[in-house]
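Could you slot chains B, C and D onto chain A? The hints should help.
Residue numbers (our numbering), protein chains in the order written: chain A, 1 to 506; chain B, 507 to 1138; chain C, 1139 to 1239; chain D, 1240 to 1359.
For the record, the hints were derived by calculation from the structure and aren't laboratory data. Model, not experiment: these values are computed from the prediction. One or more hints might be untrue.
To be verified - Partial chain D-side listing against chain C, Cβ under 10 Å, derived: (1) A1255; (2) A1256; (3) A1259; (4) V1260; (5) I1263; (6) F1308; (7) V1309; (8) D1312; (9) V1313; (10) I1316; (11) F1317; (12) P1320.
Stated by the list, open to error - Here are some of the chain C residues that sit facing chain D, going by a computed Cβ distance under 10 Å: (13) A1155; (14) V1158; (15) A1159; (16) Q1198; (17) V1199; (18) F1202; (19) M1205; (20) V1206; (21) A1209; (22) A1210; (23) V1212; (24) V1213.
Beta carbons are placed, not taken as given, at the ideal position from N, Cα and C, and that holds for glycine.
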Amino acid sequence: MHPLAQATTQPLPLPEVDWRAIAPELALAVAGVVLLLVVAFWPRAGRGVLAGLTLAGLAAAAALTVWNWDLERVAFEGAVSLDGITRYARAVLLAVGALATLMVAQGDSREGEPDDSPPEVFPLLLFALLGMVLLAAASDLLVVFIALEILSLSLYVMAGETRRLAAQEAAMKYFLLGAFSSAFLLYGIALCYGATGSTNLLEIADATGDPTADGTLLLAGVGLLAVGFLFKVSAVPFHMWTPDVYQGTPTPVAAFMAAATKVAGFAVFLRVFAGALGGLVVSWRPVIAGAAVLTMLVGAALAVVQTDLKRMLAYSSISHAGYLLVGVAAAATVPAGVSASMFYLLTYAFMVMGAFMVVQYVSRLGPPDDDAIGERSSLEDYRGLARRHPWAAGLLAVFMLALTGIPPLSGFWAKYYVFLAGIEAGLTWLVVVAVISSVISAFFYLRVLVVAYLQEPVGDPGAETAPGRTPALGVALGLAGLLTVAIGLAPEALIAAARSAERILG
Amino acid sequence: MLFGQRLRALAGWIATLAVAAAFVVALAAFFELLSHPGEERTQILRGYEWFTSGDLRVAFDLRWDPLSALMALVVTGVSSLIHLYSIGYMEHDERRETFFSWLNLFVASMLVLVLAQNFLVMFLGWEGVGLCSYLLVGFWFNRRLLVVNPLGRLVEGEPDDTREVWAPPAAKKAFLANRIGDVGFLLAMFLIFATTGSLDFDVVFGEAGALAAGTATAIALLLFLACTGKSAQFPLYVWLPDAMAGPTPVSALIHAATMVTAGVFLVARTHTIFEASGTAQTVVLLVGAGTALLAALIAIGQDDIKKILAYSTVSQLGYMFIGVALGPIGYAAGMLHLVTHAFFKAQLFLGAGSVMHGNDDDTDIKHFGGLRSAMPITFWTTMAAWAAIVGVPFTSGFYSKDQVLAAAFEHGGIGLLAWAIGVFTAGLTAFYMSRYVFLTFFGERRWPEGRHPHESPPVMTVPLIVLAVLALVAGFALTTFTGEGGRFQAFLEPVLGAPEEHESLAAAAGLSAAATGLAAVGAIVAWLLYVRPFDWLALRRRWAGAWRPLAEKLYVDQVYEFFTVNLGGALAAFLARNVDQRGIDGAVNGVAELVGSSARSGRRLQSGLVRSYALGVLGGAVLIVAFLVFRP
Amino acid sequence: MRVGPGAYLLLSAILFAIGVAGVLIRRNAIVVFMCIELMLNAVNLSFITFAKTNGSLDGQVLAFFVMVVAAAEVVVGLGILVAIFRKRSSTSVDDVNLLKG
Amino acid sequence: MNLGAFAPILAMLVLAAAFAVLSIVVSAFLAPHRPTRAKYSAYESGVEPGRLPQGERYPVKFYLTAMLFVVFDVEVIFLYPWAVVFRQLGVFGLVQMGIFVGLILIAYIYDWKRGGLEWD
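Isolated chain A (complex conformation):
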């Protein structure tokens, strides 16, 4: 009998709705909807009000995350699981969201200029975050797909939020390629479903040990899943959209993408590959390791030749994705790989957001933006920054040194733990490549400092416009700098928290 027809004759078992398990997500959704209504009914609401409401929503979600901190269970019949990865990713994502809100609140308006970006960016930010936290918690491929689409669709719109040609181009590229890659991901889900008979990660994990399952189909499905995830975390050869999009899109959105998408993408990467597909590690590890090698080297090498800071940061984020892939490759056999990757994401998120904040600050100094290339972020604009704006230059130095991985700052520990996990998993050759790549990358990070500290400013410094008052950006910069330094000085507590993420629930 047809299953649907069968269902009509029997009372349906009602699913248990575990409100508490998804409380932070619900808070984000409610906050997003409320903001949408505020925008609809009160279009003149100031950015301060909207940002305040957004932060309130984030605070509520954060409070609920803390309330749920010790909760470890699988909810909604295996669709969502609460474990270390979920709560760690939630915490990091909400913090990133708060920083991004501050950056967005600052906007790109100067004194006496109207702001270009529409107020919808705040609810969109919340919806994107909702997709991200859901993605980190998803333990069913259906939820993975939906969460991925929620975050992607929000980001597509955010990327093109301003009227600049460059922003629109970025949005179109991101959209077409994102949709293209999610079709591959979807096909992967279909093949996995066909091979194992389920979309639930726990059941897929069981089926991978089952010899009767269709191996070829499953492996093809795994490969296509990898394509979808590798695209989201911008690994080579699926990285090409990244520089164009980061450069063209408004800086706050680029920062948000660079930090938050990586956190969510790697969380789901770890859960699916190191968790559910851990049984197939022998098959997929070479793929991930190969992608890691390409990603690290291509990202670092191409960053060297960039003359635009935003673009350089995009390539740097690509090479950082490579280091994270080392952690993913290690994670299936070495639990430390999971915690090292999660810790890396935490530190990386703050470093890269901080770097973009400095970009946002400096872009306010020069003449107005060129419509075609987006906000000004050419390295030329940073010449002699130390002389003109010592604080901005100092923070830039902190973030660049942290991204390089110079010891007292957070980036060093991140790399250190990931490399250690790699060695423990027997991937020493991969770690050697990673070290070489980080040597190359030191070159372009330090180059930024050389430009900012050693070179004379070009042109007439008097022609420079005042940055205007930047309270929100100032707070965000201070927080990011503080976190980057503080994590570097006392990484222990956060590492310990990451350790608790090592046990993956389906």
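Leaving out everything else, chains B, C and D in the frame of chain A:
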């Protein structure tokens, strides 16, 4: 505002006082250390705990033992004098407050390096030192370099090549060579942690004896790779002579007295690891000896006073490595040479800076001559340092070089080879150093019309005098009259261990005579060539075939370039564009060029077209699926 | 002749491949976008087929969600494309290459 | 059923795709590249691609209207299966669908307030 201007003017004094205060503190701590009996002279200051996780405990621990005390004293002492000198030398530079803050940062990093109790803290200092040297070498980023200057004069001007604006080639080269070395340090650190489970010196050295021979060799050679980068040994020494593009006090501080000694210090500090691997010790010995000879030969061919001194530094560092490669018998000798060299080389560089200061920043030896009367203090102090480096009996260099050579001789075997090279190099050293002082201070005047050489202000000459006195008496004061190890060796023994059987160096007198005699020959030849009225330029032209290789630095840079071009194969075709840029950038720049050019071709793939990006996605997807499905 | 699930899967794969080819070959952004929709719906066919062979409803549920997502993508995609068109009066994807390198 | 039979088909598709990708890449590198304007214009059944008659503006509110279409489209997709099992689901189903429709309604209101229903 007014206060700010005042502060700027005072920056040099503040920086100098800070370093001097550090010296005083180090001195006090040193005497406190002396009050303990020998075995209890290792104090570990458990510092701020960075973090512990699992079996790895990393803390900001510092170590105060005779070795680090010695280094701390040398670093802070010499640095104080150089800071003082810089106040005068940098007087007219508008960015002097920046200069002094970096100089201070450099001293701080160096102190972290020498006081470290674990590899991680040491690496922190190691990196900091490298960064500071990069910044300081590139300090005059908007001046063209010495090498492109026809009159040997530093010319200010807008660099035309915008690609090079942000990093003058010399700074870039220093940076790259050091990074190659740093890879060695990092890998060694990983290997150490993987085998011993700790990075703390006490734990690691405790287990060093139990290491498998292969592991010990690997660790030791990786560490030595780091040393060749920082201490400018073959094959990575090429950056040091170019680094003379920085302000002269920087050359004195970094490239003569302190930073380059970090490698020697590293070998001494980790001597237990090197002792566990005979192979590594042999490699260090041969590299040290080879570098000493090679650099001395090249130094003969240079006409730029700072380059002569730079190659002489490379050569003297070779002596130090010979010393520390010999085992317990040579450690103290190598360290003693480190100390005396810090004094006399600092003086030589500062003296050279004084000569430049008084001669419109000219550095070409052909444009001096007869400066003796115009710059008496510079002359006499430089002669004292000359006496020390040449090895005139009872000056400091005499004792230290003598001890290194005696230790090599006594070591026997391969040590005899090192001894022979060392003695021969001593002769060469005497020749090129004599050539330097004779051509600069003696003979007839060769400087251009309109130049008025003048003595430097007291703030510069006082450090010269202090250093000259130290260069004369340090050897005598630190050892004994007969030149045996004496209290210097006894002081370091708790850390570096005692030589097994302290044979009476009966042959010492004979050995000294050999080296001193050869040095005397070198000096006399130089006297005959350069002081007597003699057309040495004509001689040079006649023997151009012999001279050219020396002047061209034995073609080492060209050899590097040749190898990077050929071994790079197809990829190196990209280098062709750079080949005409003269050899200076050779190997190290080749690496950068390799990355840059492959990146430029990679950039073309980044066409901005959505469809080609989509093709990339599809290609990756096909590769991955094909790999997974068809994998055997 | 009995048509087995293999035939449906083959059709799905062929449709997917046509979609991919369209994305790579066509220049009009709207057509490119339609090809992506074709890819998504090709996958839907696989989902339905697998739901039948596996005897579970999950595949059909997934197909529903894919349709919803596809619809949402239409909205966002058209929004972006129209915005670009209004600035440039061209929808050729090859014209959009300010950002590169 | 055994899906093993599907594997060779999949393999063939992969190979075909690989061949296609390879030939595109190879031709991109090897082919002579002499573009002309005519070559660069896309062939779209004889119509010039993507260019509307000059002077005529594209309907501004087009995509806001399209969004409305989706609002109801999506609603209906989920209403059908829900309606089939409406009785079995009882109050629970009613509440859930209420939340769902409520959310759609909010989106509708937003669209309305932002001018999505005003054509000109």
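Now the hints, each set against the structure:
no., hint, result
1, A1255, "holds (7 Å)"
2, A1256, "holds (7 Å)"
3, A1259, "holds (7 Å)"
4, V1260, "holds (9 Å)"
5, I1263, "holds (7 Å)"
6, F1308, "holds (8 Å)"
7, V1309, "holds (5 Å)"
8, D1312, "holds (5 Å)"
9, V1313, "holds (5 Å)"
10, I1316, "holds (6 Å)"
11, F1317, "holds (7 Å)"
12, P1320, "holds (7 Å)"
13, A1155, "holds (6 Å)"
14, V1158, "holds (7 Å)"
15, A1159, "holds (7 Å)"
16, Q1198, "holds (8 Å)"
17, V1199, "holds (8 Å)"
18, F1202, "holds (6 Å)"
19, M1205, "holds (6 Å)"
20, V1206, "holds (5 Å)"
21, A1209, "holds (5 Å)"
22, A1210, "holds (6 Å)"
23, V1212, "holds (7 Å)"
24, V1213, "holds (5 Å)"
Hint check: no violations occur; every hint is consistent with the structure.
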